[in-house]
Amino acid sequence: MIPHVLNYILFLPLIGAAAVLLARRSENAVRWTGLIFSLLTFVLSLELFFGYDPQNPAMQFVEKMSWIPSLNVSYHLGLDGISMLLVVLSTFLTPIVLISSWKSIEKQVAPYVALMLVLETAMIGVFASLDTFLFYVFWELILIPMYFIIGIWGGKDRIYATVKFFIFTMVGSLLMLIAIIWLGYYASTQPGGVFTTDLLLLMDIAPTIPLDIQSWMFAAFALSFLIKVPAFPLHTWLPDAHVQAPTGGSVILAGVLLKMGTYGLIRFNLQLFPEASLEYASVLSVLGVVGIIYGALVSMVQKDVKKLVAYSSVSHMGFILLGIFGVTVSGMQGGLIQMLNHGLSTGALFLIVGMIYDRRHTRMIEEFGGLARQIPVFSTFFMIVTLSSIGLPGLNGFVGEFLILIGSFESTVLGSIWYVVFAATGVVFAAVYMLWMYQRMVFGVSRNPENEKLVDLSAREIGLLLPIVLFIFWIGVYPGTFLSKSESTVQRVVEKLEQVQKGEAITTTVPKP
Amino acid sequence: MNQLLTDTLNIAPIAGTIVLSLIVIMINALKKKPFQAEYWVSVLGIAANIALAVWTFPVRGTAFEGMVLTGGFASLTSVIFLVSAGITIILSRDYIEKIGLAHGEFYHLILMATVGMMTFAAGTDLVVTFIGLELMSVSLYALAGFSRRVAKANEAALKYFLLGAFASGFFLYGIALIYGMTGSTNLLVIAQNIAAYKAEPLFLVGAGLLLVGFAFKVGAVPFHMWVPDVYEGSPTMVSAFMSTGAKASAFAALLLVFTATFDFDHASMNTVLAILAVASMLVGNIVAIAQSNVKRMLAYSSIAHAGYMLIGITAGGEVSMAGVLFYLISYVFTNLGAFGIISMIENAEQQGTDLENFRGLYYRRPLHAVLMGVFMFSLIGIPPLAGFFGKYYIFIAAIEKGYTWLTIVGVVTSMISVYYYLRVVVLMFFQTSEETTRPAVAIDGTVALLISAFGVLIVGLFPSIVLDWMGGLF
Chain A
1 MIPHVLNYIL FLPLIGAAAV LLARRSENAV RWTGLIFSLL TFVLSLELFF
51 GYDPQNPAMQ FVEKMSWIPS LNVSYHLGLD GISMLLVVLS TFLTPIVLIS
101 SWKSIEKQVA PYVALMLVLE TAMIGVFASL DTFLFYVFWE LILIPMYFII
151 GIWGGKDRIY ATVKFFIFTM VGSLLMLIAI IWLGYYASTQ PGGVFTTDLL
201 LLMDIAPTIP LDIQSWMFAA FALSFLIKVP AFPLHTWLPD AHVQAPTGGS
251 VILAGVLLKM GTYGLIRFNL QLFPEASLEY ASVLSVLGVV GIIYGALVSM
301 VQKDVKKLVA YSSVSHMGFI LLGIFGVTVS GMQGGLIQML NHGLSTGALF
351 LIVGMIYDRR HTRMIEEFGG LARQIPVFST FFMIVTLSSI GLPGLNGFVG
401 EFLILIGSFE STVLGSIWYV VFAATGVVFA AVYMLWMYQR MVFGVSRNPE
451 NEKLVDLSAR EIGLLLPIVL FIFWIGVYPG TFLSKSESTV QRVVEKLEQV
501 QKGEAITTTV PKP
Chain B
514 MNQLLTDTLN IAPIAGTIVL SLIVIMINAL KKKPFQAEYW VSVLGIAANI
564 ALAVWTFPVR GTAFEGMVLT GGFASLTSVI FLVSAGITII LSRDYIEKIG
614 LAHGEFYHLI LMATVGMMTF AAGTDLVVTF IGLELMSVSL YALAGFSRRV
664 AKANEAALKY FLLGAFASGF FLYGIALIYG MTGSTNLLVI AQNIAAYKAE
714 PLFLVGAGLL LVGFAFKVGA VPFHMWVPDV YEGSPTMVSA FMSTGAKASA
764 FAALLLVFTA TFDFDHASMN TVLAILAVAS MLVGNIVAIA QSNVKRMLAY
814 SSIAHAGYML IGITAGGEVS MAGVLFYLIS YVFTNLGAFG IISMIENAEQ
864 QGTDLENFRG LYYRRPLHAV LMGVFMFSLI GIPPLAGFFG KYYIFIAAIE
914 KGYTWLTIVG VVTSMISVYY YLRVVVLMFF QTSEETTRPA VAIDGTVALL
964 ISAFGVLIVG LFPSIVLDWM GGLF
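Protein chains in written order, with this note's numbering: chain A, 1 to 513; chain B, 514 to 987.
With the rest of the complex left out, here is chain A (with noise of 0.2 Å):
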């Protein structure tokens, strides 16, 4: 054990984004410098997976330090089960991104770099912030970062995408604010109360709100991560602002960013206001159907195959919210795995993506053809990405959803087949917009001469590659590595919400360290 890890792995990339500030005058020292501290990063944030015991259902790895005394703000930093997987897929993703990076970035590339590690502390802040008012604070943070990358570094419309993105994101998180500002003053009405942002703490007092105050809350909090999930009707921002990222900011959005507003759901929606989860939870069920089945037919009308992933990705996180919202412990481990398996598999898409349109410097999928014998390296990689996607048997997609749909079955919240019977057609929808896309691009006969002088991939890129197939093909076979991890935490949650659902005493509180 590392003492402070959660502190290092917090502040190493910030660190790493003022190093490569300073060494900004030449390019290649700038991509070593981000890649060794991101590197850096992964190697302790391991440490937290292999530290990390199920068994203690305190929170893990505890930071706490006094940060505005008069208001009772602290630094106060720990992981569960569900936080502690999402920080290590941010910090495995961060080097990768770099890497893709590495020749398609050719302006400005210290101001990028810096940008990445920058949005990496953001990131890894708010999975592990446990204090409302720090969580809020990085969930802001992410913005900036972001709106650049994308609005220097992205395709023709990127200043509509990035305003559109940023505004978006706005709307949402400032009435969040109001409802983290309201829950501290009401932790100061109880009796001996103070106003508090601790999470803990509130994590006992909020269920008490009476369930139409509790409603509002509940709604101010889901609309901030409904739009960054996002769920249908809230998700217009996502195509436009997935088609001009640069490729690294494609990643980092589908990869980390939308997990934020599932990752709220749980951590927020769920936890604090167990009652008015359960009120709600067909209607955010239902939006996550619709999101799957929306996602599903839009995507396979898309000609620019960027704006079929990113659509692909609406759907994907429908299937996310449905498993969360049917309250069953398997629904939600299901959501949770695909929330790793969507990371990695439309992850890896977008590089893919970003690969051939570095070579083609076009995304149109009438464009390509027969890509099989040009460049059968990158085919290969395509196919095994693309089946992981609609979810094959044996590969990680297949798990999640799997587990997502036996969860909406069984889940006495929900009460009705209809989701599962709907779901599943998206599932059956993911095949057909996947594989007639890669029959387009890779099969047949090429449609462009230009096809014909495409290089196949290079050593960076297979390398790049090659750990996201590994995970794709670990969680498909055996998922026991970070199910088990996550069991304990999710268990808790849903004992939760069913003591409330039952209307008896909760008994199931998070130990105060």
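Accuracy of the hints is not assured; some may be wrong.
As the list claims (entries may be wrong) - Once the Cα atoms are required to be at most 20 Å apart in a straight line, the calculated EDC-like pairs of lysine to aspartate or glutamate come out as:
| hint | chain 1 | residue 1 | chain 2 | residue 2 |
| --- | --- | --- | --- | --- |
| 1 | A | Lys512 | A | Glu495 |
| 2 | A | Lys156 | B | Glu947 |
| 3 | B | Lys672 | B | Glu647 |
| 4 | A | Lys107 | B | Glu947 |
If you are wondering where the hints come from, they were derived from the structure by calculation, not from laboratory data.
Following the hints, complete the assembly by docking chain B onto the known chain A.
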């Protein structure tokens, strides 16, 4: 005699600044060579006065038989005004040299206005408050028209003077009515029987008239008409000084008179304040979208920010006072920085202050563009910058007093404001211009900007530094 000396020492920052301004004007009159002695004397003198303000901080009480506050609140606000004046002076040097008006009068007027601000914000007698208000205003009228050969500057000065004089009239009439009702102009005396007065219509009318005067000075809707024209026409750093120092002192006085002394829980008065707040936030933020000149945009933005602070005034109570004061501190750093950058770019490139002049700034002057970005994000209220914590604190106060709906109006208008602040960032970073030359900018100005940005960051990251100072202030 002894008492006089003690009292003078207790109001050392005010006395010190008066002396400083006199020294500056004397140097100006006596010097022969065109050397910037006034500039350095002013900057160093302000630094010394900030030290005096910190030194007098523990002496909480009143001086001159309850006429003026000492220590605590007065010291803290004095520091705000002195910082504002100091940064304004540093960033103005280049400008007044370029327009050929590098005379000591400029520094003298800034310092006199600062004395006015300190007096305005420390007066515990409405007459002293009024003297402070007038001293500040008259100096600012002259400063607004300082570039006297520019037609727009003349327009700004005249407009500001005419409307300002009118507002002073309201203020004075309010004092007269309150005196008629209470038999005193001293806030401490009035406070003793305030519960009885608050029910009296005459007192309410007097307070209402005072409020008109205050609302004019802070630039709250519907008393905001002068703000865009005056900010646009005045020298850029004078606009900065008005939007930070003058606004801060009006708010500080408003806190002292309304929140601390009158302490209205009267529904009608709170409704009036809430209407002012909502109207300012809405009008300021919506009209700012339509502006193509950055100074006008920031003028409307400053109207909107007055609205946010008025939320705190509406809510009342100690948390609100701390919240408004904190907001002022964060706003002073942020807005001085934003105006400072506009002024530097305007001076160096001689291109005016349209939004278009900021196109591709990052690729010409990365440091200045990044700093401007910091100030814009702080004005939006993105953590961990100072602007965010200011809003957070005011919203806490409002929610605790049951004004959740006002905070919702606050965040909805903040969302609107995102659009126009981001436009500046978009132009600076995401677009390129043909402009490739980059004439040098003044070093001392850049240092002042860095200090502002540092302030925005530190106050945002570690608000406790400021909050500890304010602990038990009220």
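Results for each hint:
no., hint, verdict
1, Lys512/A - Glu495/A, "18 Å, holds"
2, Lys156/A - Glu947/B, "19 Å, holds"
3, Lys672/B - Glu647/B, "16 Å, holds"
4, Lys107/A - Glu947/B, "18 Å, holds"
In this structure, none of the earlier numbered hints is contradicted; all agree with it.
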